[in-house]
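Undergrad: Using the hints, position chain B against chain A.
Each protein sequence line maps, in turn, to chains A and B.
For the first sequence, the UniProt record's numbering gives the first residue as 1, with consecutive numbering after it.
For the second sequence, the UniProt record's numbering gives the first residue as 1, with consecutive numbering after it.
Because the hints were derived from the structure by calculation, they are not lab data.
Check before you lean on any hint, since a few could be wrong.
Claimed, not checked - Far from chain B, by Cβ distances over 12 Å, these chain A residues were calculated: (1) E51; (2) G98; (3) N153; (4) S154; (5) Q155; (6) A159; (7) K208; (8) N275; (9) I294; (10) R381; (11) N386; (12) R418; (13) Q419.
Claimed, not checked - Derived contacts from chain B toward chain A, CB cut-off under 8 Å, selection only: (14) E57; (15) H59; (16) G64; (17) N428; (18) E430; (19) R438.
Claimed, not checked - Here are the simulated SDA-like cross-link-like pairs (lysine to any residue), alpha carbons at most 25 Å apart as the crow flies: (20) K459/B - G123/A; (21) K454/B - A309/A; (22) K432/B - Q391/A; (23) K432/B - E88/A; (24) K86/B - S58/A; (25) K459/B - A170/A; (26) K86/B - A54/A; (27) K86/B - C53/A; (28) K454/B - G262/A; (29) K432/B - I119/A; (30) K491/B - D215/A; (31) K534/B - Q256/A; (32) K432/B - D286/A; (33) K432/B - N390/A; (34) K280/B - V160/B; (35) K432/B - N165/A; (36) K432/B - R55/A; (37) K491/B - A170/A; (38) K477/B - D286/A.
All C-beta atoms in this analysis are idealised placements derived from N, C-alpha and C, irrespective of residue type, glycine included.
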Amino acid sequence: MRAGTPDWPCLPARTAALAAAPSAVPRRSPSPRSQSGGAWQRREPCGAMEEVCARFVSQKISKARWRPLPVAALQPPDVFATGSWDNEDNRISIWSVGDVGSAGLNGEYQGEPQLLCDIRHNGDVMDMQFLDQERIVVASSTGSVTVFRHHQNSQTLSASHRWENAHCHADQYTACGGAACTGVICNNPEIVTVGEDGRINLFRADQKDAVRTIDNADSSTLHAVTFLRTTEVLTVNSIGQLKVWDFRQQRNEPAQIFSLTGERVPLHCVDRHPNQQHIVATGGQDGMLSIWDIRQGTMPVSLLNAHEAEMWEVHFHPSNPDHLFTCSEDGSLWHWDTSTDVSEKPSFLHQGGRSTAYFSHSTINQSVVSAWLSNDPTKDRMEITNLIPNQTLSVNTLDVLGPCLVYGTDAEAIYVNRQLFA
Amino acid sequence: MEELDTEPPVTVVPGADPARTQLCFEWGGEPRGPSCVFVVRRDQDIYMETLRKLFNESHGIFVGLQRCEEERAVRARNAQLIQVSKNYRSVIRACMEDMHQAAISARDSALHSQYSIQVSILSAMELIWNLCEILFVEAAPAGPLLLRLLDWVQLHICDVDNMVREVLSSENPSKHKLFWNVVDIFVLQGRMDEARHLLSKEAIANPTSMNMYKILDDLMKKMPVPSVGNTQTLTEMELKWQHWHEECQRYLQDGTFASSSHMESICKILLGDENAILEKKELMTTWYHFLVTRLLYSHPTVKPMELRFYAQSSMDMFLGEESSPEPLDTILMAAFEFELHQVIKECSVALSNWWFVAHLTDLLDHCKLLQSHNLYFGSNMREFLLLEYASGLFSHHSLWQLGVDYFDHCPEYGRVYLELHIERIPLNTEQKALKVLRICEQRQMHEQVRSICKIMAMKALRNNRLGSALSWSIRAKDAAFATLISDRFLKDYCERGRFSDLDLIDNLGPSMLLSDRLTFLGKYREFHRLYGEKRFSEAARLLLMLMTAHIAPCSFWMTLLTDALPLLEQKEVRMLNNHADGLSTKGVQFLLVLLF
Numbered sequence: 001m002r003a004g005t006p007d008w009p010c011l012p013a014r015t016a017a018l019a020a021a022p023s024a025v026p027r028r029s030p031s032p033r034s035q036s037g038g039a040w041q042r043r044e045p046c047g048a049m050e051e052v053c054a055r056f057v058s059q060k061i062s063k064a065r066w067r068p069l070p071v072a073a074l075q076p077p078d079v080f081a082t083g084s085w086d087n088e089d090n091r092i093s094i095w096s097v098g099d100v101g102s103a104g105l106n107g108e109y110q111g112e113p114q115l116l117c118d119i120r121h122n123g124d125v126m127d128m129q130f131l132d133q134e135r136i137v138v139a140s141s142t143g144s145v146t147v148f149r150h151h152q153n154s155q156t157l158s159a160s161h162r163w164e165n166a167h168c169h170a171d172q173y174t175a176c177g178g179a180a181c182t183g184v185i186c187n188n189p190e191i192v193t194v195g196e197d198g199r200i201n202l203f204r205a206d207q208k209d210a211v212r213t214i215d216n217a218d219s220s221t222l223h224a225v226t227f228l229r230t231t232e233v234l235t236v237n238s239i240g241q242l243k244v245w246d247f248r249q250q251r252n253e254p255a256q257i258f259s260l261t262g263e264r265v266p267l268h269c270v271d272r273h274p275n276q277q278h279i280v281a282t283g284g285q286d287g288m289l290s291i292w293d294i295r296q297g298t299m300p301v302s303l304l305n306a307h308e309a310e311m312w313e314v315h316f317h318p319s320n321p322d323h324l325f326t327c328s329e330d331g332s333l334w335h336w337d338t339s340t341d342v343s344e345k346p347s348f349l350h351q352g353g354r355s356t357a358y359f360s361h362s363t364i365n366q367s368v369v370s371a372w373l374s375n376d377p378t379k380d381r382m383e384i385t386n387l388i389p390n391q392t393l394s395v396n397t398l399d400v401l402g403p404c405l406v407y408g409t410d411a412e413a414i415y416v417n418r419q420l421f422a
Numbered sequence: 001m002e003e004l005d006t007e008p009p010v011t012v013v014p015g016a017d018p019a020r021t022q023l024c025f026e027w028g029g030e031p032r033g034p035s036c037v038f039v040v041r042r043d044q045d046i047y048m049e050t051l052r053k054l055f056n057e058s059h060g061i062f063v064g065l066q067r068c069e070e071e072r073a074v075r076a077r078n079a080q081l082i083q084v085s086k087n088y089r090s091v092i093r094a095c096m097e098d099m100h101q102a103a104i105s106a107r108d109s110a111l112h113s114q115y116s117i118q119v120s121i122l123s124a125m126e127l128i129w130n131l132c133e134i135l136f137v138e139a140a141p142a143g144p145l146l147l148r149l150l151d152w153v154q155l156h157i158c159d160v161d162n163m164v165r166e167v168l169s170s171e172n173p174s175k176h177k178l179f180w181n182v183v184d185i186f187v188l189q190g191r192m193d194e195a196r197h198l199l200s201k202e203a204i205a206n207p208t209s210m211n212m213y214k215i216l217d218d219l220m221k222k223m224p225v226p227s228v229g230n231t232q233t234l235t236e237m238e239l240k241w242q243h244w245h246e247e248c249q250r251y252l253q254d255g256t257f258a259s260s261s262h263m264e265s266i267c268k269i270l271l272g273d274e275n276a277i278l279e280k281k282e283l284m285t286t287w288y289h290f291l292v293t294r295l296l297y298s299h300p301t302v303k304p305m306e307l308r309f310y311a312q313s314s315m316d317m318f319l320g321e322e323s324s325p326e327p328l329d330t331i332l333m334a335a336f337e338f339e340l341h342q343v344i345k346e347c348s349v350a351l352s353n354w355w356f357v358a359h360l361t362d363l364l365d366h367c368k369l370l371q372s373h374n375l376y377f378g379s380n381m382r383e384f385l386l387l388e389y390a391s392g393l394f395s396h397h398s399l400w401q402l403g404v405d406y407f408d409h410c411p412e413y414g415r416v417y418l419e420l421h422i423e424r425i426p427l428n429t430e431q432k433a434l435k436v437l438r439i440c441e442q443r444q445m446h447e448q449v450r451s452i453c454k455i456m457a458m459k460a461l462r463n464n465r466l467g468s469a470l471s472w473s474i475r476a477k478d479a480a481f482a483t484l485i486s487d488r489f490l491k492d493y494c495e496r497g498r499f500s501d502l503d504l505i506d507n508l509g510p511s512m513l514l515s516d517r518l519t520f521l522g523k524y525r526e527f528h529r530l531y532g533e534k535r536f537s538e539a540a541r542l543l544l545m546l547m548t549a550h551i552a553p554c555s556f557w558m559t560l561l562t563d564a565l566p567l568l569e570q571k572e573v574r575m576l577n578n579h580a581d582g583l584s585t586k587g588v589q590f591l592l593v594l595l596f
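Chain A with its partners taken away, still in its complex shape:
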């Protein structure tokens, strides 16, 4: 307490809790130095660099996204899109990653990403998402949202639709100024965008005007958005709040508000568990990873002191959700692995072939639930690996699909790892 402020002897219960205890939720710092028991293991990458292909692309990469695979596809993803920022001439580019190991026509290493096509983009690429196999929705720092179409026959990109002033400040003194659109999420054909103006827009891919706009949804900047259910979205903002918005309700109020305990550190990214829809992970400006259970309470379930600087993206692996990936301004990319070791299972599960697989899968799912939501660090085993050996500049973006990981940095390079779980 600062000198001069009086004590509050009869404060109502809630404010007392806020002012007194730093945090009701224990914060864990996963690092080998603070843990002696060995519950946390942190591995540095060792000789795994042959699987990673790097390519310097002369533009700082702000977003990289794998093109989604068709539903019944067996092969790993091989095409991804990137967006650049901080250039006079920003570009959206589509790249292809061929088969590992085979030499190309020029003798170059085929594993390196090859540029298929690119197109100029007005403003920094703030966020990007594939709407379907051919269309990409891009959020710009000028406040516009553009849908690009990738024509696979001619390998060209074209702008198919644009919502010009999706986000803008209603300035009292001047005309409407552009506000950056900071996040976009798609669920074909719906597109939800959020921006620095605190507005939430709901678009449909084929309609010219917004279906629904929530003005002044937030008094601070909305940093990211993701779908919770088909009609509900989650947003995070710069005063450390996680809000649930239900588009079925007509009023412009969030259905629920969650906030961090202690300091209101801005939250930058959010992702929902692919199977357990109540588990949500967010990343903060101080590099903290928070896991929330939105069925209960208004505070996070666990707080993990992870990176040393802003966490830009957090992703649950879409098909192996016991794996989580985070990347940060401090130049590191962490792979969080809560899948328990099969050898620890009771011995009867080792007999037989297919039945073993079935049992271990379902028990893994159950232990995953408890792993992410567990409050007790000694019970769960989590392996955390930093996938970048020589960190220099920020890793701005990452995306995982199947066995493939792509990430982009401010050192103007793209990295692809196609054997993530080898």
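TA: Below, chain B alone, put in the same frame as chain A:
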């Protein structure tokens, strides 16, 4: 370094007409006519897209070099530095190939020539760097020195490969018109095995020269070369070489090769006859090739310090009277003379940006080769060059992030330069501001942190984003700004009778304590909530505390008192009076005094 006493070069701005006095500035007053704004850029190179890869990759190597721990053992340290040097060179080569590809695919002829010029500049840079690596980083001693120089020459005279390919792929190599050229160039570059292989084809095709061929082949096979390992000392090698040289001499004087002029000239070359070597001028194309060939065949155990004499004489002999040395020649000559500072100075003058000299000087500094004499303004040469290079990076809209790391590793002036440059980066989006802020915070640049947060908070306030403004002032721990924001909220409340942005005020948490006004705002809102929930006794207690704690602004006293009035009518509040609670009684008395 002495100052160059020349006039600065004149830069012509295309499109500017001197007659219309377009390039000028006015201090207010009426403009003279239609005015145009010309964007003049220094440092055009950093805007080339292909060169950006060079800057980024070399940045990674630079940072790695600064960070890697110094090995204790001299040999391990040497190996480490050689590896770094090779990394730099491979980056230059990769950039060269990309530029070459770009040149080929460029449709515009101006662009094509621009790329081609860049390719040749990069090739020259790699040539110089390679030589510096051999002479300074690796500091090859006599013996291995010659081998390294041979590799160097072989790597950089590329026309040979085309010629060789042409001859070898023809059906009858020995009848090809360039056949003897190829054999000669192999001999000039010391590639004995390949020369012998080709000669064997000639011998098969021309059986009459079999005798001569056998002798020549034998001589070439027996030629002593310095070994890489330590299997023989220099003296042993010299003795062997002397014997071999005398044997070659005997064969030549006996007239063994008299019937074949080609073979005779090869034998003369083997003997180190300068005139014979000079006859092959067009094949060697450069004086440094001539130098290395000369050394190979006359002084294979040359010591590093002796290079300068041979270099000077080779250049004079090769260039003769007609041509004067070009900048590249003077740089290489300075390197052969082991004049490090001269090399760096010449490169700075000849090249258009600081990339090359900055990184090379840094590497040489790590090899502890640069004397630390200070330049007249205080910092040493390495730091000066790095500062210049990084300042150039900061003038680029995107490469400024690389410049930060370079400033970090300039101990004297780096921090000051960084502080001045980083304030001038335009902050278009919040994300960019966050990145700049993180850079400042990591280096404890509190002034810059405050200034950036204030700029962003003001912007947010002007756009009516009060929550964003508050989050920026929390980041800077700026109590004054938090007070400003709270005043804005309170003003809104007075005007409209209700609070805006309830989601913010209701959830302030511990950040409420940043400033008194903010605390008051939070507690006042709390009071309203309690009143709305009809918890009147708690509301009354809170209101009393707000009044007695002296954190309410004077303008708000009337409002507080007006809020107190309905409370006084509530039954629970009247009950308070009967409590032996000193505070509440005093408070009520206070209220009554003020009301009447």
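Undergrad: So which of the earlier hints does this model not fit?
TA: No numbers; nothing is violated.
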